[in-house]
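Undergrad: Chains as they are written, first to last, in my numbering: chain A, 1 to 262; chain B, 1 to 293; chain C, 1 to 327.
Any given hint could be a false lead.
Using C-beta positions, here's what the derived DEER-type ranges look like [as the list claims (entries may be wrong)]:
| no. | chain 1 | residue 1 | chain 2 | residue 2 | range |
| --- | --- | --- | --- | --- | --- |
| 1 | C | Lys152 | B | Lys91 | 51 to 57 Å |
| 2 | A | Arg70 | C | Ala105 | 30 to 36 Å |
| 3 | A | Ser58 | B | Thr261 | 42 to 48 Å |
| 4 | A | Pro75 | C | Val273 | 44 to 50 Å |
| 5 | C | Ser144 | B | Leu255 | 30 to 36 Å |
Residues from chain C that keep clear of chain B, each with C-beta distances beyond 12 Å, as calculated [to be verified]:
| no. | residue |
| --- | --- |
| 6 | Val101 |
| 7 | Lys152 |
| 8 | Ala162 |
| 9 | Arg183 |
None of these hints come from the bench; they were simulated from the model.
Every residue, glycine too, gets a C-beta built ideally from N, C-alpha and C.
Residue strings, one per chain:
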Amino acid sequence: MTAASPLLRVENVTRRFGGLVAVDGVSFEIPRGFVVGLIGPNGAGKSTMFDLITGVRSASSGEIHFDERRVTHEPTHMRSSRGLARTFQIVRLFPGLNVLENVLLGLHPKFPDGLWRSLLAGRARMRQEGEARARAMTLLEFVGLAHRADDRVGELTLGQQRLVDVARALASDPKLLMLDEPAAGLNDAETGNLAAMLSGLRQGGLSMLLVEHDIDFIMNACDRIVVMDRGVKIADDVPGKVRADENVIAAYIGRRAAHAAH
Amino acid sequence: MEKLGYLLLAGVTNGSVYGLVGLSLSIIYGSSRVINFAQGDFVMLGAMSAVAFVATAALPWPLAIAGTVAGASIVALALDYVVYRPLARRKAPPLTIMMGTLGAAIAIYGAALLAWGPDQQFVPALFSLDPMNLGPLVTNSQQLAIIGAFAMFLAVTWFTLFRTRLGLSIRATGVNPRVALLMGIRSERIVQFSFLFSALISSVSGILVGPLLGGQIGMGLLLTVKGFMAAILGGLGSPFAAAAGGVAIGMLEALMAGYGTSLYAEPAIFLIILLLLFVRPYGLLGDYEAQKR
Amino acid sequence: MSAIFSPPRQASIYPALAVLALGAALPYLLHGGFQLRLAMLVWIYAILCMGFNLLYGYAGQISLGQQTFFAIGAYAFALLQLDLHWPAALAFIGSLIVCAVVALALGVPLLRLRSHYLAMATLAFALIFYGVTTRWIDFTGGSSGLAAPPLKFAGAPLGRMAVYYLVLAFAGVALLLHDFVARGAIGRALQAIRDDEIGAAALGVDVIRYKLRVFVLAAVFAGMAGVAFTIVSLRVDPSMSEFHVLVTILTIAVVGGLGSRFGALLGAAVVIVLPQTLVRFGDLETLIYGVFIVVFLVFLPNGLAGLPDRETWRGVATFLKMNRGRS
Chain A
1 MTAASPLLRV
11 ENVTRRFGGL
21 VAVDGVSFEI
31 PRGFVVGLIG
41 PNGAGKSTMF
51 DLITGVRSAS
61 SGEIHFDERR
71 VTHEPTHMRS
81 SRGLARTFQI
91 VRLFPGLNVL
101 ENVLLGLHPK
111 FPDGLWRSLL
121 AGRARMRQEG
131 EARARAMTLL
141 EFVGLAHRAD
151 DRVGELTLGQ
161 QRLVDVARAL
171 ASDPKLLMLD
181 EPAAGLNDAE
191 TGNLAAMLSG
201 LRQGGLSMLL
211 VEHDIDFIMN
221 ACDRIVVMDR
231 GVKIADDVPG
241 KVRADENVIA
251 AYIGRRAAHA
261 AH
Chain B
1 MEKLGYLLLA
11 GVTNGSVYGL
21 VGLSLSIIYG
31 SSRVINFAQG
41 DFVMLGAMSA
51 VAFVATAALP
61 WPLAIAGTVA
71 GASIVALALD
81 YVVYRPLARR
91 KAPPLTIMMG
101 TLGAAIAIYG
111 AALLAWGPDQ
121 QFVPALFSLD
131 PMNLGPLVTN
141 SQQLAIIGAF
151 AMFLAVTWFT
161 LFRTRLGLSI
171 RATGVNPRVA
181 LLMGIRSERI
191 VQFSFLFSAL
201 ISSVSGILVG
211 PLLGGQIGMG
221 LLLTVKGFMA
231 AILGGLGSPF
241 AAAAGGVAIG
251 MLEALMAGYG
261 TSLYAEPAIF
271 LIILLLLFVR
281 PYGLLGDYEA
291 QKR
Chain C
1 MSAIFSPPRQ
11 ASIYPALAVL
21 ALGAALPYLL
31 HGGFQLRLAM
41 LVWIYAILCM
51 GFNLLYGYAG
61 QISLGQQTFF
71 AIGAYAFALL
81 QLDLHWPAAL
91 AFIGSLIVCA
101 VVALALGVPL
111 LRLRSHYLAM
121 ATLAFALIFY
131 GVTTRWIDFT
141 GGSSGLAAPP
151 LKFAGAPLGR
161 MAVYYLVLAF
171 AGVALLLHDF
181 VARGAIGRAL
191 QAIRDDEIGA
201 AALGVDVIRY
211 KLRVFVLAAV
221 FAGMAGVAFT
231 IVSLRVDPSM
241 SEFHVLVTIL
251 TIAVVGGLGS
261 RFGALLGAAV
271 VIVLPQTLVR
281 FGDLETLIYG
291 VFIVVFLVFL
301 PNGLAGLPDR
311 ETWRGVATFL
321 KMNRGRS
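Produce the complete structure using the sequences and hints provided.
TA: Written as structure tokens, this is what we have:
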């Protein structure tokens with residue numbers, strides 16, 4: 001049966017900061033296997049929405065369902081162990097660890113928690129560690145950075161760090177991959193690289209939520225696009241229709257004529 | 001009644017010193033996000049300098065005070081150039097810089113150990129220690145001088161922070177360092193000023209409180225802890241709340257020693273403040289840190 | 001499976017075993033009781049600092065109470081034998097449990113706090129403990145402390161060599177445990193918490209639970225060291241929780257190298273042995289320790305253990321370049 005319940009369901013979610021309403025009664029869905037883009041002019045509430053889904057911030061009202069489970073009040077690390085992985089707008093790799101170790105951390109939910117359990121598992125852990133390393137290397141190969149596995153993350157370019165971030169997010173074999181402005185600060189070559197990689201993932205059937213400013217990038221990468229403006233959802237459709245939507249154009253022309261007219 | 005008055009007065013006196021250390025910690029934290037572990041040591045250096053200049057070298061008081069302030073300034077500058085700047089430029093996390101100040105505090109303690117030895121020393125008093133009557137209270141000139149100096153330093157701090165351009169820069173840096181930088185405020189200068197200012201206040205209060213607390217090189221760390229407790233009582237980043245917090249701690253300490261158990265007074269104070277930290281980690285009065293979440 | 005590149009292999013257990021083998025051979029290489037005792041002191045401080053290393057070097061949590069747990073472990077070990085007449089082995093386990101429980105009680109409220117609060121709070125805890133142990137003479141023996149019963153095997157007190165190998169055994173357990181944590185997924189998670197708590201949480205690391213666990217683990221390490229020290233010196237007193245011990249721990253940790261596998265061991269060997277043999281520090285000791293801490297923090301943040309790393313030298317070069325021609 002194909003029309004299974006959606007992987008992510010955001011239901012009438014609102015988030016207030018004192019008097020300011022950053023997100024106002026927004027609802028949308030991400031069906032399984034879909035790539036959904038979230039766009040909107042500055043101040044639309046995209047980042048807040050992103051934080052609400054990942055659990056960095058809690059919603060003032062409304063519900064969020066992930067994989068048919070109500071996760072509205074679950075802390076971040078729990079949502080992540082349910083299969084929700086994300087990358088960060090400002091790359092948050094761990095400077096104290098090398099590239100491979102950063103990716104290995106993405107596998108964290110798979111390791112048995114608990115010092116004592118780990119100790120007792122002994123040999124099994126050794127094997128597990130070896131397998132984990134192999135898998136991490138495979139991911140690094142996928143993003144083309146296997147040759148830098150041993151290096152400190154500070155030695156990579158921004159584009160490369162972004163790719164490590166993606167590899168790390170993929171390590172946990174997530175059900176939903178959320179990318180927060182992955183193309184920000186990348187040059188054309190790096191953007192192309194990223195687009196190709198995301199296309200590969202999409203073909204593999206991975207569900208994704210993409211927040212981006214680069215309209216072209218998003219139009220090409222997504223199956224559906226949700227548009228927010230000033231905290232409210234103003235469009236939710238396929239890319240072709242969204243591109244021509246009057247409300248969307250108005251929202252952007254009101255702010256950034258140059259981008260909308262591209 | 002007399003006993004209560006005596007205790008409160010003693011409490012306010014000691015509390016003034018704790019409050020000034022707390023104020024200093026708040027100012028430095030505000031401009032650099034660093035807890036200066038060596039702050040209490042400046043008070044210690046002030047007290048011990050009085051010993052060195054007046055008792056040992058028999059210098060007249062004005063010279064002694066000038067020498068103390070100069071010495072404290074040199075140590076403050078050393079803290080800035082040797083510990084703070086290299087680490088800040090390397091973008092080391094504030095915690096590491098705090099470790100650096102702890103290392104500096106240890107070095108200062110070690111140097112003081114060499115100079116004055118571990119035993120308690122008699123600290124000469126600038127003002128008279130003869131008891132005098134102030135209405136129903138019994139006090140002495142030295143105590144009044146400490147309280148007076150406390151009030152004066154508070155006034156100077158307020159004036160500097162709220163009525164000068166420098167003060168505006170300090171407050172701006174404390175609120176948002178990045179924006180302050182964009183506006184051309186040189187944060188390194190600000191931090192240097194806060195180190196010097198704090199050293200000045202602490203060392204002078206050390207000269208004054210030395211005769212009452214006794215001159216012992218170990219007092220530095222204790223004062224840092226009490227000063228920090230004072231600072232967090234008011235919420236880190238609010239110097240005046242810290243000053244008030246210090247006075248509160250001083251009075252609590254005195255009351256406990258007078259009415260409760262004098263033997264366990266000091267551990268008890270640390271325990272109370274520790275419990276306070278559990279319950280209200282953002283301080284009783286301020287939500288400075290809380291707002292950041 | 002990777003076609004071209006094989007993953008960098010996980011650090012192996014052999015270096016740790018080699019160190020222990022060296023430790024076992026040490027008594028035959030040293031001359032005299034003084035040197036043997038010095039070696040035991042190195043192992044004891046190494047255990048102390050390995051715990052501190054996991055807590056601060058790996059997880060980034062500054063606790064200034066490590067020396068207090070050192071004393072708590074020692075006092076518990078002595079008191080369980082003296083007052084409750086427990087056999088030594090049971091008292092050992094009991095003292096570790098005491099350390100763990102106290103750490104738990106302290107950690108649960110404290111670890112929610114930002115790290116600079118943690119530093120001060122653990123320092124306050126240390127001051128409270130010291131204040132109480134020096135004053136509660138009936139229970140703790142006050143400033144003079146208590147005499148601990150010597151360990152006996154088959155009725156006779158253990159000889160010096162036997163004590164050494166017992167201490168080495170403790171150090172071995174600590175070393176293997178430390179190594180296991182440092183080399184594996186737990187070590188990575190701790191470092192992630194140190195570098196970026198929010199990022200770590202986003203990857204599924206239960207930050208609070210990990211912080212609590214490593215805090216308790218560090219306390220247990222300290223307790224183990226405390227028991228070892230008691231077995232060697234046959235007495236416990238409040239000086240074990242004094243500032244001086246904390247200073248030594250910090251110096252060893254910083255000099256040896258924070259967040260490294262063998263930094264604690266290396267640091268302990270250097271910091272404990274140096275003042276005794278090569279250079280006479282005397283009263284200068286505290287001053288020199290303080291200077292060492294600052295110098296290493298600024299110039300050699302990875303400590304002695306980081307010397308082989310090319311990035312240490314790159315860091316030094318960058319530092320020199322950054323500070324030339326600046327006011």
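Undergrad: Next step is simple, just say for each hint if it's right about the structure.
TA: A quick look at each hint next to the structure:
1. C/Lys152 to B/Lys91: 51 to 57 Å: Holds: the Cβ-Cβ distance is about 56 Å, inside 51 to 57 Å.
2. A/Arg70 to C/Ala105: 30 to 36 Å: Between A/Arg70 and C/Ala105, where Cβ atoms are some 35 Å apart, the hint holds.
3. A/Ser58 to B/Thr261: 42 to 48 Å: The hint (42 to 48 Å, Cβ to Cβ) holds, given that A/Ser58 and B/Thr261 are roughly 46 Å apart.
4. A/Pro75 to C/Val273: 44 to 50 Å: 47 Å, holds
5. C/Ser144 to B/Leu255: 30 to 36 Å: 31 Å, holds
6. Val101: Holds, because the least Cβ-Cβ distance between C/Val101 and chain B comes to about 17 Å, which exceeds 12 Å.
7. Lys152: 36 Å, holds
8. Ala162: Its Cβ never comes within 12 Å of chain B, the nearest being 37 Å, so this holds.
9. Arg183: 24 Å, holds
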